[in-house]
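Let the sequences and hints guide you as you build the complete structure.
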Amino acid sequence: MDKGAPDAAAEFHDFFERHHVGLARLAHLLTGDADAADDLAADALVAIWHRWDRVRAAEHPAAYARGVVAHLARSRIRSAVRERRRVALFWPHRSEHWNGPDVPAVVDVQQALRTLPFRKRACVVLRHAFDLSERDTALALGISVGTVKSQTSKGMAQLEKLLGGDIAAELVGGRR
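Yeah, the sequence shown ends on 1193 if you go by the numbering used here, and it's all consecutive.
Bear in mind the hints are in silico, worked out from the structure with no lab data behind them.
Be a bit skeptical, because a hint or two may be false.
[Stated by the list, open to error] If you anchor each label on the Cβ, the simulated ranges turn out as follows: (1) D1125 <-> H1030: 19 to 27 Å; (2) V1063 <-> E1177: 34 to 42 Å; (3) D1125 <-> R1073: 19 to 27 Å; (4) P1023 <-> V1063: 13 to 21 Å; (5) R1099 <-> A1064: 19 to 27 Å; (6) A1026 <-> V1162: 18 to 26 Å; (7) P1023 <-> G1163: 40 to 48 Å.
Even for Gly, the Cβ is constructed at its ideal location relative to N, Cα and C.
Take a look at the structure:
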């Protein structure tokens, strides 16, 4: 261990304490799975610890961490889709029974978010649930500011169709 290691460990501990809850919340919003969210946040923080020298030297370490969570969430979603396809090959007769809410008026924002493609969902969640700027969202996802603008706009338009314009506007505080 070098002389800087205790300082690095203390810095990482502070980073962990400040960002763990937010990273888990982001993972939950991206995957829709509360149980997987803590695992994803922990996996992201382990990956960050392994690259801590590089991360702490970055201009925006928190944006880097959100990018790691987004990448891990995307990988988990893709794995789940592949697994569902494999299962469907063996059990093609799916039940038509719906286990959803009995009341059709119930608005399920998480379900609506799950219908969005990953990039649109990530942009909407980071911009509106986390109140990040377009620039910070672009940094977290590794995309351009223009892409953030278009994906957020398209994602919100889809949510408005699914949830109704008034509900979607209320969710984001009237902001576009």
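Consistency of the hints with the structure:
1. A hinted range of 19 to 27 Å for the beta carbons of D1125 and H1030 is inconsistent with their spacing of about 37 Å.
2. Range check, V1063 to E1177: Cβ separation about 38 Å, and the 34 to 42 Å hint holds.
3. Distance hint for D1125 and R1073: a CB-CB separation of about 39 Å, inconsistent with the stated range 19 to 27 Å.
4. The beta-carbon spacing between P1023 and V1063, approximately 19 Å, falls within the hinted interval of 13 to 21 Å.
5. With their beta carbons about 22 Å apart, R1099 and A1064 fall inside the hinted range of 19 to 27 Å.
6. Hint check: A1026 to V1162, Cβ distance near 35 Å, so the stated range 18 to 26 Å is violated.
7. Between P1023 and G1163 the Cβ separation comes to about 43 Å, which falls inside the hinted range of 40 to 48 Å.
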